[in-house]
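The lines below spell out each chain.
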Amino acid sequence: MIGFRLSAQKPPEARRITDDVIQRFEHIYEVDPAKMTIIEQQDMPAWDTMRIVDSRWEHLAWMHDHWADAVLTAEDLGEGGPHPDG
Amino acid sequence: MNTFVAIGDTVVDELRAILGDEGVLIGKAARYNRTRVPAPFPVHRWAEYVPDLVVLPRTAEQVSEVVKLANRERIPVVPRAGGTGLNDGALPLKRGIVVDIKRMNQIKEVDLVDRTVTVGPGINMLKLNEELRKHNVMFPDDPASYPCSLVGGRIGTSGWSLIGGRYGHTRDLVISFQIVLPTGEIIEVGDGGGRKIRKSSSGFQLKHLFMGHQGTLGIVTEATLELVPRPEMEFAAFFHYPSYTAAWESTGALAKSGLASLGGVVLFDEYKLRYLRRDDEAYIPRPDHVRAVVATALYGTRDEVEPAARRIMRIGRESGGTYLGDEISSGDWASRHDRYATPLHGRLDTGEVVPMSWHCEDASINYSQLPAVMEKWHAITARYAEKTGILDDWGMFAYTNGAYKPWGDYLTEIDIGIWEQKLSDDNWPDWVACKREIAQVALDHGGSITACHGATREGDAELIPVEMGGGFDVMLKIKAALDPNNIMNPGKYELDRAYGLDEKVFR
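Residue numbers (our numbering), protein chains in the order written: chain A, 413 to 498; chain B, 3 to 509.
Honestly, the hints are just simulated from the structure, not real lab data.
Just so it is clear, CB atoms sit at the ideal spot from N, CA and C, and this is done for glycine as well.
Do not take every clue at face value.
[Unchecked claim] Simulated DEER-style distance windows between Cβ atoms:
no., chain 1, residue 1, chain 2, residue 2, range
1, A, T430, B, R319, 25 to 35 Å
2, A, E470, B, R135, 15 to 25 Å
3, A, P457, B, M470, 55 to 65 Å
4, B, G260, A, E470, 31 to 41 Å
5, B, R200, A, D481, 54 to 64 Å
6, A, Q453, B, G254, 36 to 46 Å
[Unchecked claim] Only some residues are given here: those of chain A computed to face chain B with a beta carbon under 10 Å:
no., residue
7, D432
8, D481
9, A482
Please work from the sequences and hints to get the whole structure.
See below:
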């Protein structure tokens, strides 16, 4: 236990992605809280958001390992990587 | 008209004698939790479909005794496996006894010489494959419910597998099975005789008669399954396109590649991308020129997959696709094995978020008809969304549907969110009409209503006689012959007509 750290508690300020989506962390899209009045958005500490994201990546890695010994990517073939505009 | 009798204390005592006290559940929670499946359900009438009790057998003999008792007393019996179905096969329309088979989850034999595994119907594929991994083999049946559905339900629905293009679907991967008939006899069915025989010309092909039975012809109590070598390598590639038409043409080129290691090809339409982009499910990049996506996946030995992957990349690009990158390709593909982990919420036309359950239409449509069906399905959905205010179009996928030759027809899916809390006797008929119009389009285009879920819901079921034509009369005769008292999952597939009844699926 390393004690209280404000950065672990308080999420960064959101930036708007679309009319309906905001983003606080890279690759993590959130519904605009203004669109959530029937079901209210929870306040989540930053560490809890990152825990859920890490857990998701662990799950996907587990699923890869479950289905095959190795994952081949286009980058391994020398023709991968994200497309510059994609 | 309901010809069934209520369950009395004497019957409960007899069931406890067969199954033990812990094998008979009469509590409210146990019964209410086994009333429905994820498919949209008339929640405003939930109480009308609660089973009278639940039994949890461990052996085929116990199942047989339960069914004999039910047949004698004219009590409806509904088998239930994982309860993950996107149709109503496991839903007790006439109450009665739900036979929950999840305690029949043993691995009985692993035969590495003749390449089979024999299991109880209550085992889950993920758990089975964890055990099989130590032998370097697997049972490659891969539904969206892979972590939570059970082998018995896969047989009951004649399931579809995400990687069926390489390994086949449930009907191809289940070699034979044991089933308790509605009168209690225990029989083995396969491709002819022989529990581990894959191909036979002896007699009728009874495995295929009972495959997809939806609980209307018996209860599966054991299955012998195919084993394949555990894949050495997986490769997934996602491409994006400037239009649906471009993506559809590329889908055809990829599916017809002839690569034996090709597990499947998946086409995402513009509505699906719009849905994925609008909130936290989004993996798909946002530029406006990304209008449709095609996903492919390969499985096999390293020697197969590496050259096949180069060819897939070449075909994808030459047919107009732009590679979406390794992170999306491998990450999103891994998530396709587990779609039930997706939190379900939808949007009103104001953009407001509301909880919604998931309707997944699953017609089989020929490749040539996909664009026209897509247009009609979205138009129908938009019309009823406007009328009811409780529907949300979540877009369409088309998945290669053929086993080993994945190019002729597609599991064609439109996902629709439905705000169940707002269902009522006023708007339920609108939902059913929407469903029926969607299914009718599939038939109008020479397709089948359902590739993998079954068509036991109102809105589907009444079109089964239309789709089956003269074959439906044969279904009625088979049902009446095997189930003389209509105890096995009554009310499904319009099979009540075999007994002179003509009821709506939901009252």
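Quick rundown of the hints versus the structure:
Between T430(A) and R319(B), the C-beta spacing of about 29 Å keeps the proposed range 25 to 35 Å intact. A beta carbon spacing of about 18 Å between E470(A) and R135(B) agrees with the range 15 to 25 Å that was offered as a hint. A hinted range of 55 to 65 Å for the beta carbons of P457(A) and M470(B) is consistent with their spacing of about 56 Å. Distance hint check: the CB atoms of G260(B) and E470(A) are about 36 Å apart, consistent with the given range 31 to 41 Å.
At roughly 26 Å, the beta carbons of R200(B) and D481(A) sit outside the given window of 54 to 64 Å. Restraint check, Q453(A) to G254(B): a C-beta distance of roughly 43 Å satisfies the suggested window 36 to 46 Å. For the restraint placing D432(A) at the interface with chain B, the shortest Cβ-Cβ distance is roughly 5 Å, inside the 10 Å limit, so the hint holds. Among the interface hints, the one on D481(A) holds; its C-beta lies about 5 Å from the nearest C-beta in chain B, closer than the 10 Å criterion.
For A482(A), the shortest C-beta to C-beta distance to chain B is roughly 5 Å, which falls under 10 Å, so the interface hint holds.
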